[in-house]
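Engineer: The primary structure of each chain is shown beneath.
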Amino acid sequence: MGYIEKNIKDIREDFPILSRPGFIYLDSAATSQKPFVVLEKMDWVYKNLNANVHRGIYKIAEDITEEYERSRKEISGFINASESEIVFTRNTTESINLAAYMLLQKLKRGDRIVTTLLEHHSNFLPWKKIAKIAGLNLELVKVTSEALIDEEDFEKKIENAKVVAFTHVSNVAGTIVDVKRLARKAKERGAFVLIDGAQATPHMKVDVSNLAVDFYVFSGHKMLGPTGIGVLYGKKDLLEELEPPFTGGEMVKEVHKDGQSWNDVPWKFEPGTPNYVGSIGLAEAVRYIKKIGIDQIETYEKKLSEYLLENVGNIKGLRYAGPKNNRAALLAFEIKGVHPHDVAAYLDMKGIAVRSGWHCAQPLQEELGFSNGTTRASLYFYNTFSEIDKLRTALEELVNIV
Amino acid sequence: MGYIEKNIKDIREDFPILSRPGFIYLDSAATSQKPFVVLEKMDWVYKNLNANVHRGIYKIAEDITEEYERSRKEISGFINASESEIVFTRNTTESINLAAYMLLQKLKRGDRIVTTLLEHHSNFLPWKKIAKIAGLNLELVKVTSEALIDEEDFEKKIENAKVVAFTHVSNVAGTIVDVKRLARKAKERGAFVLIDGAQATPHMKVDVSNLAVDFYVFSGHKMLGPTGIGVLYGKKDLLEELEPPFTGGEMVKEVHKDGQSWNDVPWKFEPGTPNYVGSIGLAEAVRYIKKIGIDQIETYEKKLSEYLLENVGNIKGLRYAGPKNNRAALLAFEIKGVHPHDVAAYLDMKGIAVRSGWHCAQPLQEELGFSNGTTRASLYFYNTFSEIDKLRTALEELVNIV
Amino acid sequence: MSYFFYENVMDHYKNPRNKGKPDSYDTEYGDSNPTCGDNVKIYIKIEANRIKKIGFEGNGCALSMASASLMTEMVDGESLDNALKISEKDLMNELGIKELGPNRIKCVALPVKVLKMAIISYISKQNS
Amino acid sequence: MSYFFYENVMDHYKNPRNKGKPDSYDTEYGDSNPTCGDNVKIYIKIEANRIKKIGFEGNGCALSMASASLMTEMVDGESLDNALKISEKDLMNELGIKELGPNRIKCVALPVKVLKMAIISYISKQNS
Ligand SMILES: Cc1ncc(COP(=O)(O)O)c(C=O)c1O
Ligand SMILES: Cc1ncc(COP(=O)(O)O)c(C=O)c1O
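Protein chains in written order, with numbering that gives the first Met the number 0: chain S, 0 to 401; chain B, 0 to 401; chain X, 0 to 127; chain P, 0 to 127.
Certain hints may be false.
Derived Cβ-Cβ restraints for the label pairs, each shown as a range [what the hints assert, rightly or not]:
#1 S:K235 <-> P:P21: 33 to 43 Å
#2 P:G29 <-> S:E4: 22 to 32 Å
#3 P:S86 <-> S:G109: 31 to 41 Å
#4 X:K20 <-> B:K107: 35 to 45 Å
#5 B:L103 <-> P:E6: 56 to 66 Å
#6 B:E242 <-> S:K323: 35 to 45 Å
#7 S:K235 <-> P:G29: 48 to 58 Å
Treat the hints as calculated values from the structure; they're not laboratory data. A quick note: this is a predicted structure, and the numbers were derived from the prediction, not measured. Every residue, glycine too, gets a C-beta built ideally from N, C-alpha and C.
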């Protein structure tokens, strides 16, 4: 038995909402719950240390600045980047948009951007947007019926591509992409590579120094952190070279009527008062994850994932999206004859919180033949095997009713 | 005696940090302190209602969505807008950048944008940026030696301008601009008008329905709200017409491989998981302000402002920026022979928190002849006359030392 | 109790009335619900400012489909003025649902919205 | 106690050493501190890999100006290798300051950074 299995009761007690009787939260791919330590940290900062960062000379302004930059350090360490490579954003979506606008200066009419059919809307629409702005061509790599990236098609499409963007883990199919290998291929073709890590960083060790990527993006709220904080990791040289699409206070050294000099990276990309309390909260979340151990989380969730597939994946009339193994601990499925929303509504009645619909990945679901979307149960390390049992029981009841 | 004077002791007790012995916070123009109710509300939401908004069918997902949209309603009511006109952003700076990129589709090479020398960098650099992108001409309206907008120059420059952007209240000079009159003039010339309300909404009644503006922007953190939440008010018709610069999940109705339809306003402009807890926190801040009464705040701060000018503005060797009357409750100044940072460092030693430097308005300060920047004391309704006395005493001591 | 078992809902869901596109119609309107992707399209044949025939197409959860089906039944034969007065609340009453969360209420609101848009676009075409 | 009254700081601030641009120099470098707008520019004349003459220009708070002044005194005549070893800590020790917040420490760090960049740019020009 691993660390989490042994301590699951204590771990669950760290999360206020999980103690609610009869409540089973299976929607962590949408957003995670938050441990007390994260909430307490933010509350403490507001009560004791609140001042605007960066420009104050008085005591609490200095302390909050230090705490803010320490949070950047904590988060950079978590993915093995350097502090100057961590740009704070609102969420994954903003990170991708920002990277796309930053890359515009490197792209010219007719250049090719490649993403895949596996993507969340947030890793598709921004590329489409800049393609339209600058007259670029956007192509989508196909996926197999198991929602794996079609590698033959990938090889073909990345040839001469200027930007290649894909997800680390699919939020619908649970596919875990071999980012190390595929990013290397794209990089070898000379493309800028962006990886959407929204569903990866909460669940597995990510080491950007070991990946051939220019950008790696993720959201704080999916990994025990507060809302309103996301990360854009960018390679230092590239960040230094690229122009900031958004400008304003805090990101400049000097401003005159007819000239200015940008601040150093990463601040150059953070105009205006940052969500410093959000960053500090996310750093606390990272510390909590490190205390549990990201390897422990990965191991435990692997078991959860297998158990989920074995016990829910085989319910009569149920069809799920994605591969048969090596998947994230989530299952998006449809049940014959019942609309996905009705499945979710039924489960809600049983106290089980799941999500239903397109999960912001409509093209993928349409491709896989889920024409009404799916219902999705997604787990985190605070979930248990017995919660999966309860999900199964409820679904079987439902199947018997309809 | 007004409501605030009568209840100042109780009011101060609502703010955790203000009870610290010997601590005087005079940096509210940078960021305000937060009352308990705002912190408690956010904590409560995380502990009891945390789920991703908009797409969940289960109970807490519905509740949080309702709470989130109620927060939009609260905030829209505060400035007398309609809910669909309130776009949540990170801060004022992001609001302005977003508006600038949104307006790009309406502008063509050679068009004129007008802003003023009174502006915070955040209402100058984004316009400069889009001017560069699209080959537009950016012009700055002059200011008088008292840091009032030079109306003659204003009239001249807004002629044929396509965009006119200016501040409601200056964060350095304390100038309160007659937005109603000037916006009307710009609007009559057919320009799109944006007002930077970062220093206005915390302190005075703003009624956008009564102003000839297309956009009005402000930050939550300066008005008792949390970090990471800002507002872009935009006229509904215009929001409906303009394209979203940033795209992704949550802001679309349908997405297919080769087409999509945007969501309705305002959601069209809010890609990705929003900072919903931040919005809810800001709504709680607005409720608190309404409880005190924004008119009460305005009246009380007027007295503070006059007292500040009379007691600090006349210290020997001190020169301040801005007008002699009708000013916001802040004072940016230099003291002969002492660098502004050294003034701030000295005051810090005395427990008084003020800011020093450029206050993100370097062109204005250079124009006014403050070649090293200034030290700024800025007040909010939780400050007192006796705190101003202490500031005066400390500054006089300093003047006698050097 | 969830709406899931309301008899009316399941009845209309499993046996929708007025489903399909009529052979001829004077106005049509379709929209979808971003929250869940439910979509509804409505076709109306109008005579003397009365709904002569109404049909719907659509795809969605039991609640939205049942609402659309029930609504077509309720407005069939009505004057346009009366049809414009129908509300989510009326449908919920008829279906026997007391309360719905904000996301679910959109499932009921969608057909109502689509109906109104179809009628309004007809009226404004007449007037111009 | 704030650094404000440290005698050394005020001495160097009021009577800066090596202030001004020398008549001739082999390398120069300037930078500013976005936190406060302090700026420092350093000019160095070099002979046989030793600092023969050093001058600074700048504008800023007492702390940054005193640090720049003191630093030029400390490295004057030193080998480039030795000059590259100077740190914020050394300046703080010499000024008699025990501790500084992160924003204030940048005031001391700025001249150190500028010095190093000036030397490094000289060395890399020599090597190329
Ligand atoms: C007048 C004015 N505009 C804009 C801003 C920028 O606000 P934020 O940093 O919250 O984006 C400020 C805050 O310093 C301000 O005072
Ligand atoms: C794979 C993936 N990418 C991007 C996102 C968008 O994240 P956010 O809404 O935090 O911007 C999500 C979250 O739903 C996701 O699962």
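Engineer: Take the hints in turn and mark each one as holding or not.
Structural biologist: Evaluated hints:
no.: 1; hint: S:K235 <-> P:P21: 33 to 43 Å; in the structure: holds (35 Å)
no.: 2; hint: P:G29 <-> S:E4: 22 to 32 Å; in the structure: violated (60 Å)
no.: 3; hint: P:S86 <-> S:G109: 31 to 41 Å; in the structure: violated (51 Å)
no.: 4; hint: X:K20 <-> B:K107: 35 to 45 Å; in the structure: holds (44 Å)
no.: 5; hint: B:L103 <-> P:E6: 56 to 66 Å; in the structure: holds (57 Å)
no.: 6; hint: B:E242 <-> S:K323: 35 to 45 Å; in the structure: holds (42 Å)
no.: 7; hint: S:K235 <-> P:G29: 48 to 58 Å; in the structure: violated (23 Å)
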